[in-house]
Structure formats: C-alpha cells, structure tokens
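Residue numbers (the numbering used here), protein chains in the order written: chain A, 1 to 410; chain B, 1 to 410.
Wrong hints could be hidden among the right ones.
Taking CB as the label site, the calculated pair distances span [as the list claims (entries may be wrong)]:
| id | chain 1 | residue 1 | chain 2 | residue 2 | range |
| --- | --- | --- | --- | --- | --- |
| 1 | A | 63 | B | 146 | 47 to 57 Å |
| 2 | B | 267 | A | 145 | 18 to 28 Å |
| 3 | A | 315 | B | 235 | 34 to 44 Å |
| 4 | B | 377 | A | 231 | 37 to 47 Å |
| 5 | B | 23 | A | 269 | 23 to 33 Å |
| 6 | B | 145 | A | 380 | 52 to 62 Å |
To give a feel for the contact side, a few chain B residues facing chain A, derived at Cβ under 7 Å [stated by the list, open to error]:
| id | residue |
| --- | --- |
| 7 | 30 |
| 8 | 209 |
| 9 | 213 |
| 10 | 224 |
| 11 | 226 |
| 12 | 227 |
| 13 | 249 |
| 14 | 275 |
| 15 | 276 |
Keep in mind that the hints were calculated from the coordinates and are not lab data. Every residue gets a Cβ at the ideal spot worked out from N, C-alpha and C, and that includes glycine.
For reference, the chains in residue letters:
There are 2 protein chains.
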Amino acid sequence: MGHLFAPHPRGGGKQRLRHDVKRLLYQALVGMTLAVATAAGSSPATAQTQPVQTCALGNLRLESGAVIPNVRMTYITHGTLNADRSNAILSIHGLRGNRDAQTFLAGPGRALDTERYFVIQPDTLGVASTDPSATTSPTRSGMNMNFPRFGIRDMVQAEYRMLTECLNIRHLVAVTGISMGGIGSLQWAVSYPDFMDAVIPIVPQAHATRQTNFIWEAARQAIMLDPKWQEGDYSANDPPRRGTGIGINIQNAFGFSAESLAEMFQDRDGVERFYATTTEQLGNTTDARDWIYRTWAIVDHDIAKTPPFNGDLRAAARSIKARLLLMPNCFDQLLTPGESGVMEVAAFAPNAKVVDLDDIAGHSGNSTPRSVTIIAAEVRDLLQRVADGRPGFNGPRIPRHWNREDRCPN
Amino acid sequence: MGHLFAPHPRGGGKQRLRHDVKRLLYQALVGMTLAVATAAGSSPATAQTQPVQTCALGNLRLESGAVIPNVRMTYITHGTLNADRSNAILSIHGLRGNRDAQTFLAGPGRALDTERYFVIQPDTLGVASTDPSATTSPTRSGMNMNFPRFGIRDMVQAEYRMLTECLNIRHLVAVTGISMGGIGSLQWAVSYPDFMDAVIPIVPQAHATRQTNFIWEAARQAIMLDPKWQEGDYSANDPPRRGTGIGINIQNAFGFSAESLAEMFQDRDGVERFYATTTEQLGNTTDARDWIYRTWAIVDHDIAKTPPFNGDLRAAARSIKARLLLMPNCFDQLLTPGESGVMEVAAFAPNAKVVDLDDIAGHSGNSTPRSVTIIAAEVRDLLQRVADGRPGFNGPRIPRHWNREDRCPN
C-alpha cells in the first residue's frame, strides 16, 4: 500500500517500522529472543543468564485457602545490593516469560541501571523452575491439574515473602514488570503500599476484561481439544504441542497489531507457512499446564478485589502511596488500557503519571527499540527524582491531550 | 467502571449500548438471530423466509481453472421485478450467513425498499443449500475436501451468471453486502464495472490482511485439531462441533469489540459459561468444511489481483464506474479498514464516499439499530439520487475530519 495510506498512528509512532524492528517482532512472535518481550511476556532465555538462586518458603497459603507445600522460589539478580539493602528493584516477567525475560531492561545505563540498583528477577508462581526441588508450578510439582489455582495476588505474596524472608529486603526502590508482570506490579502497589517508592507497570491491566476472558478461554479450549492433552496428564515427551501452539497464536493474533503482522508477513502463504513450521515449536517452548494456570490468574484478576476494597477500583487506586508511572499502549488490542481500568487508576491514584507508549505494534510494542528508549528515559528520570527526594514526575502527570472519555490520546 | 471512563468513542457512538442492543449483540454472538448480522455475516434464518429458487448453471469454471460440475445456485427475492427488469438490487450475505441473512435490510421503508426494488439474496458459493440437487459447497457436493478451492471472484462470477442466465437481468441498481458480502460487493464493482449504478460495501475489505490470515488460520487449525474432524470426512451426525465452535469464537473475539463483550458479560464466569454452553451449539450452526472453504476465499482475496490490474490497487479502484458508498467501521478489529485497502480505494475510485459507522461494537456493530438507521438513511438517499439522475452523493465524499494517515477520523 502507498505511503499516503500506510497505517501509521499519530504522534511518536509515525515512523515506519524499520527492518530491525520487523525482525525483532518476528523473533518475538516465534518466541525465540530474549531481547524483545513477546505478547504478554518474554520467551525463555537462551543466553546471558545469571546464576539461579533459590528461596525456600515452606507452605504458601493462597488467597483461596489452598496451600502449596514446600515452595521454593527461584530468581536471578543483577548488580549489587548495598549495605543498607535499600537499592533493590523487583522486575517481574510476563505470561510466557521466566526470570530471564526482563534482563534487557537491566544493565549499566539501561532503564534499571545495575551500577546503582540491585535488580531481582523472580520466576513467578506457576513457572516451572530449573530447581529440581521446586514445586511452584503444576508441572514441576507433579500435581498437574490437581495443583491449586492461584491468582496474581498469590504471585505477589510469594514474591513479598521471597524478598523479606530470604533477601531480608524491607523496602524496594521500585517494582516494575511488563504485561502479566505489569499486572503484578500494580497489584504490588495496592497490596504493599509502603513497601516501595515507585511502581512502573508496563502494558498492564487493573482488572481482567471480558475480551481477555474471551481470548484466553478460546486458547485454553484449543489446548484441551488436542488429543494429547489427556486431561492434563500428558507425558513430558509427548505434550499437546499443536494445541498449545494454536493457543499461543490466538493470543499472538491480539498481541501483535494488524500493522505489525502486515510488516512481518508478505502474504497469506507466509502466515500459513509460519503456522505450519512453528505451531509445534511454539508448543514446545511453553508448558501447556503451567501456561493455562497463569492465564487463569490473569483472567481472574482485579486489584479492586484486594481486601478491604470490596470491588471499589477508585478506593484501591486512592490507597496507592508509591509514585505510579503507568505505561500502557493505546494501540494495545490484548490488554486494552481503557476497559481494563488502567486509566481510571491513573486518575484516582494520588501520584500517578501516564506515558502512552503509542506504538503501532500493539501489545507487543512494549519492547521495540523505540519503546525501550522511552521506557528507559522515563524510568531513569523517575528514579533520579526518588534518589534526590524531589516530588512527583517530570512532565504532565496525565498528558494534557488525553481525552478521558476516549481510548487513546488524539 | 464509572461513566467518566466508560469506553466510549467520539462522535456518533457516544451513547451507551442500551439493553436492546446488548441483547441483539448477544444473540448475534450465539448466532441465533436474523435481525443482527454476526461477525462477518449472519446466522441462518429461523423465520420469515421467502421461497427458495434455484438456478442451474451447469459447469462453473473457477479462476484457478478447476471446474465445479452441475452448479445449482439458490436464492430468495423480495419485492417485484419491474417490466424492463431495471429495479433489481443484489444483497450478499456474510461468512456465517446464507440467503436469509440480509432480509433485515429489505422491506417497505427499509434500506432496500421493496416497494420500489426487487431484492435478490443468493446463497454464495460454498454455502450448503436446501436444494437437494445443489452442488455448490464441499458438503452438499459430497466431495468434502476434494471440492476445489474458490475465491471471492468465483462467488461473484456465479452470482453474475445466475442474474444473467436465470433472471435475465443485465443491469442492477445496486450491489450491497455486509462483511464477506461487502468484500464481494467491492469485487463486483471491479469485475463488472458497467453492471450497476451503485455499490455499497458494508464493513468490507479490498484485500485480506495478514491479521485476517492469522486469525482464520488459528480458527481452521482449531477445527482440524478436533479428533472428529477426520481429515474433513466427518459424518453429518458427528461433526467436529467443539473445534468449529472454538474456531467461530476465535473470530468472535475480534468481531466483537472489547466494549461490546464487556456489555454482554458480567464477569469471567459468564464468559466461561458461554463457552461451556454454546461451543458445541455454535459448531452445530455451521458446517465446518464449508466454513473453512469460505474463510479460504476471504484470506486469499485482493481486488487488485483482478485481471488486468496485476496487483495495482489504485488502478483497480480507478476502474470503478459505479457510485461507491463505502461503509467501514473504524472500530472494526476484524476487517480493519486502513490495512485492508478500503480507505485507499475510497481515495482513488472516481465517485466514492466513506461513511464511517463509528460503532464501538466493532465489526459486529454493522447491524445495531443505530447502524441500520444510518445505513438506511445513506442508502435511500443514494438510490434516490440514482433514480433522479442526480450526480454524486449528499454530504462530503470523504468526511472532512478524516485524517488519511490515521486509522480513524478524529
């Protein structure tokens, strides 16, 4: 199509997706790269991993009352914890990620500057760990579908216990995360309002939407339709690869925008070749049971249901004490910021700023080079203000051009 | 969520979806109603059907060179053909529809006023007909997956032959259609530029997008994953209902907007109950093989590939002689008007007008009471101008506020 009608948005997203971005997005789609988080999270690491550390928590009592026994959380760290244990940042991965998925945000000069900060990246509850005695996922525990369902608040509680009981950290500079990790970050702000100075949820939700319910139910149904699903008792050697790959691609169809898919694929044949060659491969990168449990956590979520808020989202938002830097993407078709309460939280939290990533790649546009640059600029500025004891944020807290009755800024 | 943040768009779509609209959308989702076209088309009729008529076309040679033998097209009509056979309008149904699906547009005082016009509603190629000798679909022909693949141009050619060979109609007042029928309408304008005065594609595409490829490939994969699929040779009594229902719901997740799904479902349990109770029912309303073939036609489509345009969309658009009233919906997440060339066609066709339906219900918002009222007003005005021999359209041909580099008007 001609440039006149090239599907470009307003503002910062107007430039064409260049070749490197196209390649990175494609790698994210396939789930092969660390550098770019995929839809709702990142793929497993293939390189540059830090040593895995383990924290034994014993029993983990869930909000439902169920108990996961013998919980051993795993995590990696970057940088050095200072003497008074006051320079720690928690960085939480997305749905398809693990402890390695957000390493691209951490390092000298990056958003999470490891020359100043000690960055902790856990495996969330529900991720099979490499620790042979870990029991934090349905598959790893051997319980399969008898593993209790858990929620985002349970993930956050496990992280809290890990930080306090194993790392003896009583205060964080910041909590951040992308997608499912962004959801967890916002929950952190409500669950433990005094525990951190700043919370930086990237493409989050405040609560699930009926569309996210609808999408992931289709994905789970596709997995369970695979004859190899076996009611969840499939063997490690012969998992439901096709069903899982289809389920992930249902998510991908929303997680990558129409524009980014047009950039990645020349024609219909390209799309069908992608399915033919990668469906089972995608199914191999993700454990079906564990992924299903994590999607249940997402579609059940609502920060307003945190006691004592009893469904009152505005009250939950008002309770947040940390500086809240919300980075949604108004082109996000998977976790739409309007319907999922993110904009409402921004309006009612005492000290919040919205930075719309405004990226035409949609949900997965959270990790394009342009987005990573914007994220780094905003995060570094905020953290410097925290370090200097200066109040608030640089720039308007909610962009002046934001139309609250609208989905996106004009 | 509070009204301040209710997810309402600009302009005409600002009012809340009221209860009746919610109910109609829900019925459309389930596929049980004639009154509201579902995503990419309408569900089979349950009442008020006209007598089915049949047109024997003998062999139908497809663009691919393959031949469908003994083609018997079926259709219904509304109103009366005048003596000089000059008052006919062709109205083409969407992906899940059949000859009855667009009856809600036809009638005295409706968009297609049956006191003046003779409205012809065919079963497109690929729809199992009630005619016992029909052979126009994989299932009806008994050929199952050996039936040749056909395209949108083949559907249009079959309709052209039906009109000319059986009804002796040499000119139409208008061709219109919704979704897949809108795609067919636009193809009519390019294939037979002298055959009609007006073409009115509603939520169409000029060509498939990589996103539509991606969505329907996921849907087809889900169907084929169902153990009852049997390589397409399933029995009529035991079809792959679950896979088909999941496939249709993958489409529904895009065909209904985040906002409309939020209106239809109270909570996650509601969504999961919907799947539990309707997945097989949805699979029962749609023949899997025939639906798959029609989705192949959509994802293969490009009006620019009509000979002799050789991929040049602008040249194809410039060749259109009819008055072209394009009615996309900028909130459409299934057939996005920007990426699918609709806006480019609007700019290069000699006599085109765009009316954005601007409906927050997304693709399926083509048939809400509000949209039907807008469609009727625009269509009736256009047809009156044709009848009076007046040029052009009322109102700006492309809304003045349309920003061509953008997806939606501001």
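Cross-check of the supplied hints:
{"no.": "1", "hint": "63/A - 146/B: 47 to 57 Å", "verdict": "holds (55 Å)"}
{"no.": "2", "hint": "267/B - 145/A: 18 to 28 Å", "verdict": "holds (23 Å)"}
{"no.": "3", "hint": "315/A - 235/B: 34 to 44 Å", "verdict": "violated (57 Å)"}
{"no.": "4", "hint": "377/B - 231/A: 37 to 47 Å", "verdict": "violated (55 Å)"}
{"no.": "5", "hint": "23/B - 269/A: 23 to 33 Å", "verdict": "violated (42 Å)"}
{"no.": "6", "hint": "145/B - 380/A: 52 to 62 Å", "verdict": "holds (57 Å)"}
{"no.": "7", "hint": "30", "verdict": "violated (13 Å)"}
{"no.": "8", "hint": "209", "verdict": "holds (6 Å)"}
{"no.": "9", "hint": "213", "verdict": "holds (4 Å)"}
{"no.": "10", "hint": "224", "verdict": "violated (9 Å)"}
{"no.": "11", "hint": "226", "verdict": "holds (6 Å)"}
{"no.": "12", "hint": "227", "verdict": "holds (5 Å)"}
{"no.": "13", "hint": "249", "verdict": "holds (5 Å)"}
{"no.": "14", "hint": "275", "verdict": "holds (5 Å)"}
{"no.": "15", "hint": "276", "verdict": "violated (9 Å)"}
In summary, the numbered hints that this structure violates are 3, 4, 5, 7, 10 and 15.
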